[in-house]
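Could you put the whole structure together from the sequences, leaning on the hints where they help?
In order, the protein sequences belong to chains P and H.
Taken in order, the first sequence gives residues 1 to 85; the numbers are from my numbering.
Taken in order, the second sequence gives residues 1 to 571; the numbers are from my numbering.
Be careful, since some hints might not be right.
[Unchecked claim] If you anchor each label on the Cβ, the simulated ranges turn out as follows:
1. H/Asp451 - P/Arg29: 27 to 33 Å
2. P/Leu72 - H/Asp451: 49 to 55 Å
3. P/Pro49 - H/Val174: 33 to 39 Å
4. P/Leu5 - H/Pro386: 31 to 37 Å
5. P/His66 - H/Asp451: 58 to 64 Å
6. P/Ala27 - H/Lys427: 18 to 24 Å
7. P/Ser6 - H/Ile192: 16 to 22 Å
8. P/Glu67 - H/Leu510: 50 to 56 Å
By construction, these hints were calculated from the structure, which means they are not laboratory data.
Note that this is a predicted model, so its numbers are computed, not measured.
Yeah, the Cβ is synthetic: ideal placement off N, Cα and C, and Gly gets one too.
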Amino acid sequence: MRGTLSAFSAGLREFYEAPYRRTLARAHRDEDDLFTLVVLAEALGVPNPASYYTVEMLPLVADRVHEWHTRLGMDRSPLDHVSCC
Amino acid sequence: MNSLVLMIIGLAMVIAGYFLYSKFLGSKVYKLDESFRTPAHEMNDGVDYVPTNKFVLWGHHFTSVAGAAPIVGPAVAVIWGWLPAFLWVTLGTVFFAGMHDMGALWASVRNRGQSMGMLSGRYIGARGRNLFLVVIFLLLLMVVAAFATVITNLLIKTPTSVIPVWGAILVALVVGQMIYRWKINLPLTTVIGVVALYSLILLGDRFPIVLPDPILGMSPAAFWITALFLYAGIASLLPVWVLLQPRDYINGVQLFVGLALLYGSVLIASPTIVAPAINTAVPEGTPSLVPLLFVTVACGAISGFHGMVSSGTSSKQLDKETDGRFVGYFGAVGEGLLALGAIIAATAGYQTLAEWEAVYSAFNQGGVSAFVEGGGAIMNAGLGIPASLSATILATMAVLFAATTMDTGVRLQRFVVQEAGEVLGLKVNKVVATLVVLGVAMALTFSTGADGSGGLLIWPLFGTTNQLLASLTLAIVAVILLRKKRNPLPVLVPLVFVMVMSIYALIVQLGTFWNDQNWLLLGLDVVILVASLWVALETAIAMQAARKGTFDPETDEPVAAGSVGSGTAER
Numbered sequence: 001m002r003g004t005l006s007a008f009s010a011g012l013r014e015f016y017e018a019p020y021r022r023t024l025a026r027a028h029r030d031e032d033d034l035f036t037l038v039v040l041a042e043a044l045g046v047p048n049p050a051s052y053y054t055v056e057m058l059p060l061v062a063d064r065v066h067e068w069h070t071r072l073g074m075d076r077s078p079l080d081h082v083s084c085c
Numbered sequence: 001m002n003s004l005v006l007m008i009i010g011l012a013m014v015i016a017g018y019f020l021y022s023k024f025l026g027s028k029v030y031k032l033d034e035s036f037r038t039p040a041h042e043m044n045d046g047v048d049y050v051p052t053n054k055f056v057l058w059g060h061h062f063t064s065v066a067g068a069a070p071i072v073g074p075a076v077a078v079i080w081g082w083l084p085a086f087l088w089v090t091l092g093t094v095f096f097a098g099m100h101d102m103g104a105l106w107a108s109v110r111n112r113g114q115s116m117g118m119l120s121g122r123y124i125g126a127r128g129r130n131l132f133l134v135v136i137f138l139l140l141l142m143v144v145a146a147f148a149t150v151i152t153n154l155l156i157k158t159p160t161s162v163i164p165v166w167g168a169i170l171v172a173l174v175v176g177q178m179i180y181r182w183k184i185n186l187p188l189t190t191v192i193g194v195v196a197l198y199s200l201i202l203l204g205d206r207f208p209i210v211l212p213d214p215i216l217g218m219s220p221a222a223f224w225i226t227a228l229f230l231y232a233g234i235a236s237l238l239p240v241w242v243l244l245q246p247r248d249y250i251n252g253v254q255l256f257v258g259l260a261l262l263y264g265s266v267l268i269a270s271p272t273i274v275a276p277a278i279n280t281a282v283p284e285g286t287p288s289l290v291p292l293l294f295v296t297v298a299c300g301a302i303s304g305f306h307g308m309v310s311s312g313t314s315s316k317q318l319d320k321e322t323d324g325r326f327v328g329y330f331g332a333v334g335e336g337l338l339a340l341g342a343i344i345a346a347t348a349g350y351q352t353l354a355e356w357e358a359v360y361s362a363f364n365q366g367g368v369s370a371f372v373e374g375g376g377a378i379m380n381a382g383l384g385i386p387a388s389l390s391a392t393i394l395a396t397m398a399v400l401f402a403a404t405t406m407d408t409g410v411r412l413q414r415f416v417v418q419e420a421g422e423v424l425g426l427k428v429n430k431v432v433a434t435l436v437v438l439g440v441a442m443a444l445t446f447s448t449g450a451d452g453s454g455g456l457l458i459w460p461l462f463g464t465t466n467q468l469l470a471s472l473t474l475a476i477v478a479v480i481l482l483r484k485k486r487n488p489l490p491v492l493v494p495l496v497f498v499m500v501m502s503i504y505a506l507i508v509q510l511g512t513f514w515n516d517q518n519w520l521l522l523g524l525d526v527v528i529l530v531a532s533l534w535v536a537l538e539t540a541i542a543m544q545a546a547r548k549g550t551f552d553p554e555t556d557e558p559v560a561a562g563s564v565g566s567g568t569a570e571r
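Here you go:
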């Protein structure tokens with residue numbers, strides 16, 4: 001009985017999410033890109049009044065930098081001191 | 001004729017179609033193969049390509065293709081009598097729509113889940129692909145304009161639906177927050193959402209809203225249309241999780257509830273159909289049954305829009321190729337049943353023939369309002385729900401269908417405008433693109449006057465465009481079958497029929513628009529007519545090449561004569 005209910009619930013969730021999964025994933029990616037840009041602002045030469053806070057977040061985005069710049073059409077990292085490739 | 005008998009015959013026909021004809025198509029024509037690795041597995045990315053349970057996928061597919069169109073079309077078409085509409089809906093579902101939807105799904109699955117636009121480029125040529133974009137743009141434009149008029153007419157004729165219709169936006173906004181922000185589980189959210197919606201229906205039934213005339217210097221119709229376009233513009237610009245996603249979902253659930261209420265009522269009340277089987281005394285100005293019936297009832301019999309859904313999303317989620325029979329064919333059966341419900345409601349919900357004739361006093365009269373009034377009377381007789389409340393339930397259902405399609409239509413069309421801008425080297429931001437979409441749609445809606453009736457006048461034109469899109473999809477499927485050296489007749493016969501009827505209807509409408517001196521619709525008609533003839537020509541050329549050429553049965557790619565090994569298994 002519990003198995004049936006959880007299967008029903010999972011099916012309902014799939015029914016809810018499936019039509020918009022792509023749009024939501026894209027929106028999520030755009031938000032991540034914006035976050036990455038804000039964190040890397042100083043490194044890109046853009047004055048960032050919140051750099052005191054964002055510098056602490058650099059390790060969080062470091063892993064994604066390569067995927068980020070290649071997706072934006074830059075074969076090589078635009079950051080001198082982040083040589084991911 | 002008793003409506004219960006008609007319902008049982010209709011159900012038996014479409015169910016038999018599923019068990020017999022779709023089995024034939026699956027095994028002999030499309031040759032569905034359970035072991036074929038579908039794009040959902042081959043390209044699984046957790047976003048677009050996800051293997052999905054066939055029942056869930058069917059629910060998603062069905063609610064994506066079912067909207068207000070299978071209600072509006074049949075409810076308008078019964079003006080020629082219930083029999084032609086019934087035959088076209090049932091036989092159309094069995095031999096046209098099911099085959100078309102299943103074929104589109106199969107063609108896309110066999111081509112890495114590519115959309116019909118991409119496939120038209122591959123199988124019909126680059127011009128075929130451009131044609132596809134033009135047709136889709138026109139189709140979306142007409143959907144937005146026509147549904148704005150449909151909703152407005154219902155809000156005016158059923159003032160009790162005003163509160164639930166606009167209140168549903170609030171329900172959707174709260175449901176969106178409950179799911180993503182407050183993390184409340186979905187079954188509970190669903191129950192709360194549906195109860196809230198039906199509470200609003202009860203509230204609306206007690207407090208009908210009738211607008212004063214004029215309001216803000218406009219007639220009530222013009223006011224509602226303007227408000228709807230304003231709303232659709234804002235809704236299409238909001239993040240999807242805020243409004244569109246929960247709205248589509250609640251609407252999907254409501255679809256099943258509404259269908260169960262309607263069919264349950266017919267089962268209990270079994271009212272007599274008062275409309276004639278074939279109406280020999282059609283009101284003056286009613287166009288001829290042939291060809292207009294076949295374009296007036298587009299969704300519910302065969303619809304090009306389904307090909308977009310089949311190849312756009314469903315094909316990327318198909319777990320096994322053999323599931324295509326259930327998802328594609330049975331999805332069309334679901335829509336056929338909605339159309340059948342609309343025919344019964346619009347013809348059996350009246351006490352006498354005179355009463356029915358008063359409603360269907362002219363072409364495009366009756367329609368969805370007849371579905372609401374008639375269906376409401378049947379629900380009153382069957383389930384004992386007061387007639388006014390029943391009508392409010394059905395009006396809300398029809399409006400919500402139309403509104404969600406309108407929201408999505410504006411959003412999709414915005415993307416088309418932005419893409420067209422890129423082609424022309426212009427960067428069009430989303431607000432400007434939305435304004436362009438709304439401006440053109442409003443021009444179409446108000447093309448016949450300040451009452452905004454232009455939206456419904458283009459309904460047959462919407463049908464021809466939709467059928468033109470269906471022809472393109474059928475042409476792609478036929479070319480693939482010819483390349484694989486399989487029997488193309490189950491696709492060719494419907495293709496020729498639909499194409500001939502569409503072109504014939506366009507020529508008839510051309511005369512009507514000329515006589516009415518409606519230059520906007522005349523221009524649109526000419527564009528669609530040229531596109532139709534172009535499709536016919538391109539299709540003939542592509543088929544001839546497919547028939548004469550030698551192709552690899554596996555990839556459908558042309559090969560030099562003699563290079564296909566005799567041991568290659570046909571798939």
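Output the indices of the hints that this structure fails to meet, ascending.
1
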